[in-house]
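Work out the full structure, taking the sequences as your base and the hints as a guide.
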Amino acid sequence: MAVAVAVATAATGLAGTAFAGPSTGVERSAASATSNATVVVEAARTAAFSHASATGVSHGDELHAQDVLLDPEGARHVRFVRTHNGLPVLGGDLVVHLNRRLAYAGVTRAADHAVKPATTSAKLTAGQAAAKAAQAAKGDASSAQLVLDARDGAAALAYQVTVTDKGSASTVVVDAVTGKVRSNTPVADEFLSPKLIDTLRKRGETVDPATGTASGSAGLVGSGVSGATSYPATAHGTGKTLFVGNVGLTTTATSRGHYQLKDPSRYGTEIRDAKGKYTESFGAGTKFTNTTNVWGNGKTTSRASAAADAQYGVTKTLDFYKKTFNRKGIANNSKAARGMVHWGNKVGNAFWDPTCNCMLYGDGDGSVFKKPLVVLDVTGHELTHGVVEATAKLEPTFVDSDGNQYGEPGSLNESLADIFGSNVEFYAKNTKDTPDYLIGEKLGLAQKFLRRLDHPSLDKLEGTIDYWSPDTYYTEVHAGSGVSSHAYYLLAEGSGKKTIGTVNYNSPTYNGSTVKGIGRTKATAIFYRALTRYMVSTTDFHDARVATLKAAKDLYGATSTEYKTVDKAWAAVNVTAANTPAARH
1 MAVAVAVATA ATGLAGTAFA GPSTGVERSA ASATSNATVV VEAARTAAFS HASATGVSHG
61 DELHAQDVLL DPEGARHVRF VRTHNGLPVL GGDLVVHLNR RLAYAGVTRA ADHAVKPATT
121 SAKLTAGQAA AKAAQAAKGD ASSAQLVLDA RDGAAALAYQ VTVTDKGSAS TVVVDAVTGK
181 VRSNTPVADE FLSPKLIDTL RKRGETVDPA TGTASGSAGL VGSGVSGATS YPATAHGTGK
241 TLFVGNVGLT TTATSRGHYQ LKDPSRYGTE IRDAKGKYTE SFGAGTKFTN TTNVWGNGKT
301 TSRASAAADA QYGVTKTLDF YKKTFNRKGI ANNSKAARGM VHWGNKVGNA FWDPTCNCML
361 YGDGDGSVFK KPLVVLDVTG HELTHGVVEA TAKLEPTFVD SDGNQYGEPG SLNESLADIF
421 GSNVEFYAKN TKDTPDYLIG EKLGLAQKFL RRLDHPSLDK LEGTIDYWSP DTYYTEVHAG
481 SGVSSHAYYL LAEGSGKKTI GTVNYNSPTY NGSTVKGIGR TKATAIFYRA LTRYMVSTTD
541 FHDARVATLK AAKDLYGATS TEYKTVDKAW AAVNVTAANT PAARH
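All residue numbers for the sequence shown refer to our numbering, where the first residue is 1 and numbers rise by one.
Possibly wrong hints are sitting among the right ones.
To be verified - Within a straight-line C-alpha distance of at most 27 Å, the following computed DSSO-like cross-link-like pairs (lysine-lysine) qualify:
{"id": "1", "residue 1": "Lys429", "residue 2": "Lys498"}
{"id": "2", "residue 1": "Lys498", "residue 2": "Lys299"}
{"id": "3", "residue 1": "Lys138", "residue 2": "Lys275"}
{"id": "4", "residue 1": "Lys516", "residue 2": "Lys564"}
{"id": "5", "residue 1": "Lys335", "residue 2": "Lys277"}
What the hints assert, rightly or not - What follows is a set of in silico ranges between Cβ atoms, one per label pair, in the way DEER data are often shown:
{"id": "6", "residue 1": "Ala578", "residue 2": "Gly153", "range": "19 to 27 Å"}
{"id": "7", "residue 1": "Gly496", "residue 2": "Ser142", "range": "50 to 58 Å"}
{"id": "8", "residue 1": "Thr125", "residue 2": "Ser265", "range": "50 to 58 Å"}
{"id": "9", "residue 1": "Gly557", "residue 2": "Thr289", "range": "49 to 57 Å"}
{"id": "10", "residue 1": "Thr254", "residue 2": "Lys116", "range": "52 to 60 Å"}
{"id": "11", "residue 1": "Lys564", "residue 2": "His258", "range": "57 to 65 Å"}
These are computed hints drawn from the structure, not numbers from a lab.
Glycine is no exception: its CB is placed at the ideal position from the N, C-alpha and C atoms.
Structure representation (structure tokens):
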């Protein structure tokens with residue numbers, strides 16, 4: 001995830017301003033969103049400074065609103081990023097909570113200290129910092145920007161530099177006084193970690209998922225435009241995908257008998273062809289057009305086949321968030337979701353790229369990965385990283401020299417992507433990719449899945465863990481994701497043996513307890529509300545427990561079965577109030 005802070009306007013033009021609906025955490029836009037948001041933002045900002053001992057704001061701080069949420073019971077939540085004496089503060093994000101009368105009701109904050117750097121005089125020049133960043137990330141550095149880094153117990157003056165190399169980018173933070181590299185974080189969040197790719201290579205295992213075997217159609221099929229009198233017009237076409245058979249796709253008729261793979265009913269969501277380039281500019285991609293409104297042939301011999309999978313996955317993900325939470329687009333701003341297939345040369349990965357603000361799909365490296373990574377739950381997983389980027393901005397705590405990420409906030413990010421990615425499958429109900437609590441089950445791996453939510457440690461490739469321990473901080477984020485994914489599964493489905501669809505599950509518990517699930521719908525509502533209201537960039541598993549308890553209290557009450565089951569589910573993965581670490585990372 002990107003470390004960069006994007007400072008938005010404080011009071012007006014808030015992208016993603018949303019209002020919670022009746023009782024499920026669903027968000028609905030209000031006609032007076034801008035004026036209402038302005039009042040709420042000013043009340044929250046005033047409350048933050050009035051309760052400085054709790055919120056950690058201090059003289060010289062400015063709070064810039066990123067999101068405003070109003071809940072049906074009357075609570076208000078304003079997410080802020082911070083500058084201090086004009087400098088962006090890394091780890092300075094916070095959410096101020098208000099009651100229906102706009103009185104202060106609490107705070108969720110990333111930094112547990114005031115932002116007071118020991119010095120504001122840099123010893124390194126911007127050029128020296130850029131050179132150190134380029135050396136650390138092995139690429140070309142952009143200009144260095146002065147920031148305050150408040151992510152590690154104290155605020156330090158630092159330079160933030162973006163370093164790019166052959167289509168990849170890293171955000172490097174260099175101490176402006178000592179020259180030490182404080183962090184080096186990949187901007188894009190890859191579906192497959194360097195550690196996993198290395199494991200597969202050492203095992204000699206290839207990933208070659210079956211394609212072109214699915215047939216039949218789902219949804220609208222055809223190429224006509226009924227009664228079109230002007231163009232562009234909405235059309236209904238067919239995607240002949242690699243992995244989910246023939247599916248209906250809403251497309252754009254650009255003129256009579258000419259079509260573009262662009263969905264006007266979903267904000268203009270579109271997939272383009274990168275044609276082997278490492279570009280992070282969506283505009284540099286080539287539009288998919290044809291005269292039949294049939295996209296692909298179910299095989300990799302057609303460049304449009306992967307595009308059909310990607311477009312289907314992106315639109316189903318958008319529909320899941322819209323129908324479940326009334327979230328209008330990935331950033332909740334009614335803007336298109338975009339993606340490019342055939343990205344780079346022999347790239348065996350797929351990822352959400354904040355620079356492009358889109359999905360990028362490689363074709364496989366030809367050795368370990370034989371096919372494009374355009375399966376449905378990969379898209380749902382990666383687009384959820386975009387949702388996290390637009391909300392809590394959960395970040396890894398540290399990254400090793402090989403690019404593997406560590407730390408509980410990063411693990412929680414991966415977990416949420418798996419949780420909501422599996423929910424996209426349940427929403428799509430595609431008979432060629434039956435819904436389940438497995439991630440990457442269509443990739444063709446020898447162990448039949450990449451990760452699973454019910455019993456994470458059955459994943460031997462990544463060494464995913466079932467339960468929290470102090471060592472979780474040092475666990476690679478995909479492996480560490482098992483803690484909260486397991487808690488979610490237990491909350492939704494409960495412990496023990498269970499068959500759902502065609503998959504047999506058997507979820508254990510750390511303390512030998514029996515957990516009775518509250519159902520996937522309620523569990524998902526709780527985790528979504530926790531993400532959007534009560535999580536910030538440094539949220540760890542114990543913080544996530546508190547966040548989901550607050551969300552359950554909001555939705556169902558503090559004495560409800562749902563609230564009590566949230567507590568039981570976290571205890572069942574060894575996350576309790578009693579074992580909260582005294583020294584938090």
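Consistency of the hints with the structure:
1. Lys429 x Lys498: The given pair, whose Cα atoms are some 19 Å apart, holds under the 27 Å limit.
2. Lys498 x Lys299: Judged against 27 Å, a Cα distance of about 36 Å means the pair is violated.
3. Lys138 x Lys275: Given that 27 Å is the threshold and the Cα spacing comes to 25 Å, the pair holds.
4. Lys516 x Lys564: holds (11 Å)
5. Lys335 x Lys277: holds (25 Å)
6. Ala578 x Gly153: 19 to 27 Å: holds (24 Å)
7. Gly496 x Ser142: 50 to 58 Å: holds (53 Å)
8. Thr125 x Ser265: 50 to 58 Å: holds (52 Å)
9. Gly557 x Thr289: 49 to 57 Å: About 53 Å separates the Cβ atoms of Gly557 and Thr289, which means 49 to 57 Å holds.
10. Thr254 x Lys116: 52 to 60 Å: Once the Cβ atoms are compared, 57 Å apart, the range 52 to 60 Å for Lys116 and Thr254 holds.
11. Lys564 x His258: 57 to 65 Å: Taking Cβ atoms as reference, Lys564 and His258 lie about 58 Å apart, which means the hint holds.
In summary, the structure is inconsistent with hint 2 from the numbered list given earlier, while agreeing with all the others.
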